[in-house]
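Participant: Same order as they appear, the protein sequences are chains A and B. Quick note on my numbering: the first sequence kicks off at 1 and runs consecutively. Quick note on my numbering: the second sequence kicks off at 339 and runs consecutively.
It is worth saying that the hints were derived from the structure and are not from the lab. Backbone N, C-alpha and C define an ideal beta-carbon position, used for all residues, glycine too. Check each hint, because a few of them may be wrong.
[Stated by the list, open to error] With the C-beta cut set under 8 Å, the calculated list includes, among others, these residues of chain A facing chain B: (1) 32; (2) 126; (3) 128; (4) 334; (5) 335.
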Amino acid sequence: MERSWVWSRLPRLSISRSPASEKPAASSAFWVMVRKEVGDHVRSWRFAILMGIILLACIGSVYSAVTALRGGSGDEQGAAFLQMFTLSDGTLPNFIAFVSFLGPLMGIALGFDAVNTERSKGTLSRLISQPIYRDDFLKAKFVSTLLVITAAIFSLGFLVMGLGLIVIGYPPTSEEFLRVLLFLLTAVVYIGFWLNLSILFSVRFRQATTSALAGLAVWIFFSVFYGMILNLIAKGTAPSAESGASDVMGYQKLMLALNRLSPSELFNEANTTLLMPSVRSLGPLTMEQVVGALPSPLPLGQSLLLVWPQLTGMLSATMICFGLSYLLFMRQEIRSRS
Amino acid sequence: MDREIANPDVAVELKGLTKAYGSHLAVNRLDLAIRRGEVFGLLGPNGAGKTTTILMMLGLTEPSGGTVRVFGLDPARNALEIKRRIGYMPDDLGFYEDRTALDNLVYTARLNGFSEQEAISNAADLLERVGLAASGRKKVGTFSRGMRQRLGLADVLIKRPEMIILDEPTLGIDPKGVTELLELITALSKEEGLTVLLSSHHLQQVQQICDRVGLFVGGRLVACGGLEQLSRSLEEEDAIVVELEVADWSDRLRQSLLNVEGVTAIREAEGGPNGLAAATAVEVVCEADVTGLIARVAAAESILVSIRKRTYSLDDVYRRFFEGGEASGA
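For reference, chain A alone in the conformation it holds in the complex (with noise of 0.2 Å):
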C-alpha cells in the first residue's frame, strides 16, 4: 500500500494541482486522529467514573498498606517502600488486587465501543472516504487509548509512591523505584490486552451493548469461574498420596500450565515477581534445588529474567488480537450505519 501510495504521487509532481494535495496526508492524518480521541476520551464521563473508582481503589489501598506496615506486619528485609504496593492489613485488598481486578475492567470500558458506535453514527463511513489507511484508523483507536491508560495509570502509580513517602518517611532505593516502573508497564500491557480484546468485540459485534456484554463475559470467566474450573480439573487428576515425585511434578506443571492460560494469573506472577523481591520462582521446587539458597531477595535482572515469560505472554496474547481485529476490519464492507 505504501508503495502504490508513493508511487500515485509521482507523476502528480509534473501537473500543478490545488495545494490541499500537496501535503503527506496519511502519515500526519493519524497522529491527528490520536489527538481527537484522546480528546474524547478524557473529556467523557465514562473515563471521569472509571478514574473515580480506580483512584478511590487506590487511596483504600494505601490506607490498608500503611494500617498493616504500622501494626509492625511486613518488616521482613527492609523492602517496605514495595510493600506499600503489595501489604494489605485484611480489610481492603492490596493495590495489586486492585490494579489486577479493576485494570480490566478500564481496558473493556474504553474499547468496547470504539469501532461500532462510530459505524452505528455514520461517522465511520465518513471518515473512511477521507484520504486515510483504514488501518491507521484502528491503530488510532489502540493507541489513543493505550496512551490514556499509561497515563492514568502512571499518575495512580506515582501517586501511591508519593503518599507513601509522606507516611513511611524514607525514600525508595533507584532498584525500587525501578521496580515499580517496571510493575507499571506490565499493568499498562496487561490493561491493553483488555483493551485490545474489546477492541475485536466491537469490530467483530454491530451492537456496542455485545460487544460490552461479550468483553465482560470473557473478564468475568476468567476472574471467577477459570479458576472454579481449574480446581474441578485438580481434583480429578490428583496423584494419590503414594505416587512418585515426578508424577507430582507433572501434575504441578499441568495445573500451572493450565493456570498460566488465564491472562490475569500471568499479570499476577508478573506483579508478585517484581514488587517482592524475595520471590525466587514461579514453579515448584525440588528440595535439591533449594539446598544451599541464601533466602536473600533478587537483583532487578534477575526478577525480570523470571517474569520475562509472562510478560511475552501477555504481549502475544495482545497482538493476537489486534491481529485479529485488524483482520476483521480490513475485510468489512462500510456502508453508512450498517
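We have chain A; now place chain B onto it with these hints.
Facilitator: The following block gives chain B in isolation, referenced to the frame of chain A:
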C-alpha cells in the same frame, strides 16, 4: 501501470463493473462514463445498486469484476489519491454529536492534511457559504436534519475536491430544504467547476439540477443520457401517439382517420375524456408525426375538443424503465 488520466475529459469510467453478494448481483456489468464538470444524476429505486457503485468508485469495496477508473486511477491501488480528490457524502451521514460543527469540519480538514490555521479559516468560510455561520459553535447533536445535510456539504467541500459524490443528499428533508440544498449544490458546483455525481430516487430533484441522468434498475444501467435523449429513446421504441377528443364520435370518422397516411391503429383512451362528458377520447397510433392532418380530418368531420401529441416527461421515462427493469429482474 497507472495510465494517469487516459482521457482528461472523463472523470469516472466504469467498464463491465460487477459486484456480487453471494449469488445476488448488486451491480451487473455496468458501463458508465462521467465527464469532468458535469452534474450527473444516478437515478434508481432503493436497492438498485447505486451506493454499491459509488463505494466501488472510492475503493471502499472491491468489485467482483470489471474495471473502475477515477481520474484514470484504479481505486484498488490508489484509493488514497482518489479519496483526496473526491468528496463523498454518504446517504446517512453522521457527525461527532458532542463536538461543534466547526470542530467536525476542522477534523476532516486536518485529516486531509491542512494545517490547523488553514483548517479553521476554511471551515469558517464554508460554514458561511452553506448558511451555518451562526451555528458553527453549536454541537452537532442539536442540529436539524437539513442543517446536518448542509454541514455534510461543507464537510465534502472542505478538502477542496475535484469531484463530489452525494449519495441521496435530499433524503428526509422537507421540500423547502430540498430546494435550498439543490440550489446550493448547483451554485457551489458552478463556482468551483466541480464534477458532481448525485444519487437519488427522487426524479424531480434529479431533473432539476442534473445535466445527464443514468437510470439504474436491478444493478443495471437501463438508460443514460440527457433528458431529451432519454425521451427520444422512449419515443423511438413506440410509435407516436396522438390523443384526440371529439364531441361526436362516429364510425365514419374512424374510417377517415384510418385512411390518413401513417395512422396504424385507433384505440379507446384509458382515462376517458377530460372535459365534456359527452366527448369521446381516443388514441391514434401513427408511424409518423401526422398530428396536423388528424386535426384537420377531425375538425372537418366532427367537433374537435382537444388534440395533443403525447410527449414523455422524465416521469414517464422513469416509470417505464422501472417497470421494464422489475419485469426482467423478477
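Participant: Now tell me if each hint is right for this structure.
Facilitator: Against the structure, the hints:
1. 32: holds, 4 Å
2. 126: holds, 6 Å
3. 128: Hint on residue 128/A: holds, closest Cβ of chain B at ~6 Å, below 8 Å.
4. 334: Because about 6 Å separates residue 334/A from the closest Cβ in chain B, which is inside the 8 Å limit, the hint holds.
5. 335: Hint holds; residue 335/A Cβ to chain B Cβ min 7 Å, cut 8 Å.
In summary, this structure violates none of the numbered hints.
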